[in-house]
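K.L.:
Chain by chain, the residues run as shown.
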Amino acid sequence: MILKAEGMSRRFFRKNGGANFFYAVQKTDFTLEAGKLCVIMGRSGSGKSTFLNMLAGLLEPSEGRVMLDNTDIYAMDDKSLSRMRNKNIGVIPQGQTALSSLTVLENVKLPYLLYNKPSEKIDKYAAELIETVGISTLGNSYPNELSGGENRRLAIARALLMQPGILLADEPTGDLDDENTKKVLELLKNAAQNGTAVLLVTHENDAANFADSLYKMDGGVLSQIK
Amino acid sequence: MKLIFKNLIKRPGRTAALLLLSVFLAFSVFGGTMTVLSLRRGLESLEARLGADVIAVPDKAKNKLEDILLQGVPGYFYMDKENVEKIAQTEGVEAVSPQYFLASVSAGCCSVPVQIIGFEPSTDFSVQPWIKQSYGKELQNDEVVAGANINAEVGEHLRFYDQSVKVAAKLDKTGTELDNAVYTNADTLKDLLGAAVDKGLVVLAKNDPDKLVSSVLIKVKDGYSAEDVASDISVNIRHVSAVNTKNMVSGIARSLSGISDMTGLMIIAVWMLSLIVMAIAFSMIINERKREFAVLRVIGATRGRLAATVLGEAFFIGLIGGAIGVLAGALAVFPFSGLIEAKLGLPYLTPSFGASMGAAGAAVLSSVIAGPLTSALSAVRVSRMDTGLILREGN
Ligand SMILES: Nc1ncnc2c1ncn2[C@@H]1O[C@H](COP(=O)(O)OP(=O)(O)OP(=O)(O)O)[C@@H](O)[C@H]1O
Ligand SMILES: [Mg+2]
Numbered sequence: 001m002i003l004k005a006e007g008m009s010r011r012f013f014r015k016n017g018g019a020n021f022f023y024a025v026q027k028t029d030f031t032l033e034a035g036k037l038c039v040i041m042g043r044s045g046s047g048k049s050t051f052l053n054m055l056a057g058l059l060e061p062s063e064g065r066v067m068l069d070n071t072d073i074y075a076m077d078d079k080s081l082s083r084m085r086n087k088n089i090g091v092i093p094q095g096q097t098a099l100s101s102l103t104v105l106e107n108v109k110l111p112y113l114l115y116n117k118p119s120e121k122i123d124k125y126a127a128e129l130i131e132t133v134g135i136s137t138l139g140n141s142y143p144n145e146l147s148g149g150e151n152r153r154l155a156i157a158r159a160l161l162m163q164p165g166i167l168l169a170d171e172p173t174g175d176l177d178d179e180n181t182k183k184v185l186e187l188l189k190n191a192a193q194n195g196t197a198v199l200l201v202t203h204e205n206d207a208a209n210f211a212d213s214l215y216k217m218d219g220g221v222l223s224q225i226k
Numbered sequence: 227m228k229l230i231f232k233n234l235i236k237r238p239g240r241t242a243a244l245l246l247l248s249v250f251l252a253f254s255v256f257g258g259t260m261t262v263l264s265l266r267r268g269l270e271s272l273e274a275r276l277g278a279d280v281i282a283v284p285d286k287a288k289n290k291l292e293d294i295l296l297q298g299v300p301g302y303f304y305m306d307k308e309n310v311e312k313i314a315q316t317e318g319v320e321a322v323s324p325q326y327f328l329a330s331v332s333a334g335c336c337s338v339p340v341q342i343i344g345f346e347p348s349t350d351f352s353v354q355p356w357i358k359q360s361y362g363k364e365l366q367n368d369e370v371v372a373g374a375n376i377n378a379e380v381g382e383h384l385r386f387y388d389q390s391v392k393v394a395a396k397l398d399k400t401g402t403e404l405d406n407a408v409y410t411n412a413d414t415l416k417d418l419l420g421a422a423v424d425k426g427l428v429v430l431a432k433n434d435p436d437k438l439v440s441s442v443l444i445k446v447k448d449g450y451s452a453e454d455v456a457s458d459i460s461v462n463i464r465h466v467s468a469v470n471t472k473n474m475v476s477g478i479a480r481s482l483s484g485i486s487d488m489t490g491l492m493i494i495a496v497w498m499l500s501l502i503v504m505a506i507a508f509s510m511i512i513n514e515r516k517r518e519f520a521v522l523r524v525i526g527a528t529r530g531r532l533a534a535t536v537l538g539e540a541f542f543i544g545l546i547g548g549a550i551g552v553l554a555g556a557l558a559v560f561p562f563s564g565l566i567e568a569k570l571g572l573p574y575l576t577p578s579f580g581a582s583m584g585a586a587g588a589a590v591l592s593s594v595i596a597g598p599l600t601s602a603l604s605a606v607r608v609s610r611m612d613t614g615l616i617l618r619e620g621n
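Going down the list, the sequences are from chains W and B. Using the working numbering, the first residue of the first sequence is number 1, and each one after it goes up by one. Using the working numbering, the first residue of the second sequence is number 227, and each one after it goes up by one.
No wet-lab data here; the hints were simulated from the structure. Relax, there's no trap hidden among the hints.
Some but not every residue of chain B turned toward chain W, in silico, with C-beta under 10 Å:
hint	residue
1	ARG517
2	VAL521
3	ILE525
4	GLY530
5	THR613
6	GLY614
7	LEU615
From the three backbone atoms N, C-alpha and C, an ideal C-beta is built for every residue, glycine too.
Build out the structure end to end from the sequences listed, making use of the hints.
P.N.:
This is the structure:
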């Protein structure tokens, strides 16, 4: 799968500045290819999350289009876009994102259960996934019993569940220690090696070592480094 | 679907608070409706039951007439028996039947004192038509007709002043204190009076049932107005006051419809208030859960799905709360109907099963509707929200 941004930008109105607006992300072309791990680095507030959310179909660009295998995803109606995101785009949002009334395993299985009946196959696969991300002993715990790093890994397992062609990760290693950071990066690298198109957005330098292609985001301007 | 229940179960405090609101809602709708229905039914039965167009009592008991009508509380007042004849001869009077109120006595059968009333089986038109169950024979000496609340079956015996009497028939329920009365013929009444005097209740001795009566029930001939007959009697017969019962009952009916209007308004006010509080509660709760809803969007839930989750939760809260509310209402209304009756001082007859079910259905429905109604705004807001924005806010 290929995810492409064509002349994509996003502007916001300044909260206290009256009528004038600014670009959180400047007009950009960008391509995310299958089997590659792409890393975008940038300081806080440089527009990384805005960029990623637009690619995920969660935030409509002010200009330009986002194409998934030649379909303009913002031209789809909400139903097809949601369905498509459920199937093809795994998103690891920034911060804590588990549903507090569900257990770890139920959280991980949720993307499947939104559109499918429960099945043994998915139970098995979810169990495998939490094993892979290293939280298999916490399957029946509730998210508020988990540490920050464990919550992050839950989000990764959940994003991988549908075996999406696209994986978008927004600072999945934020506030993790070195060891955990490395584990998470390896997980993403693995996913890329299995054919997924992976985008990792971070302000950490370690990630550069894992990248197939490397970008820098500065004040909403994206520039390629590698 | 499963998520809805999980959300409800894993947040017991939140769910309980919302449940309480909808319980309260259903409770007040059910309780209010049942009270109004009971009063209506009580009054209807009373009107049908009286049978008399006009009631005549001694002058000094005039102010108690309303009590007699509404509550069936007989006062202890007497007038000359000759008045019965005078009343019967008044123009427009078709039939008369006197009654004699003996003191009420505590008896083993009953939790409240039993009122003993003497009547004339031969002229009576207000007691016997309501006999529900009997031997089908004429009332013999030492037999009584018992009100609905008297705890004895037909054929069983009751004891008053150590005198044993047999229950020959039982009456339908009226919702008034007449349900605690027993009716006897003149001979039995005299026997009981004699027994009372023997027991030392000398005060009763001077009220000779051969010479005195307490009230006279009057039927008016077709073509005569009860109003005119009543005033005729009041003016022409000394020491006797007569009242047109229809007038009185319809006066009460009018004030009763005032009560039901009030209750209706109160139900509406409670409903509105609960609606507003629930709407605020839902909106606060949804706000607090914005991030969870954003996550659902991230993993591919449609906007409609989010709205359905919110509405679904509200629906089940309404349904469960409504059921509990009606149950609580039933527990309050049915066992305490006697108390409510006494407090209101009005005839009060629990509505039929069908009407009760109707009220219960309406109450459940009102709270089931309230759930989705009050969360609709929140549901719309959730489905419209900007996922990208919310995910940012969380940090
Ligand atoms: N909805 C919005 N309204 C107004 N300004 C916004 C909005 N969303 C983002 N911005 C602004 O756009 C800029 C980029 O925000 P963004 O969240 O993309 O940064 P980021 O690179 O992800 O930062 P971080 O590393 O802290 O997550 C910031 O200056 C932010 O204040
Ligand atoms: Mg960010």
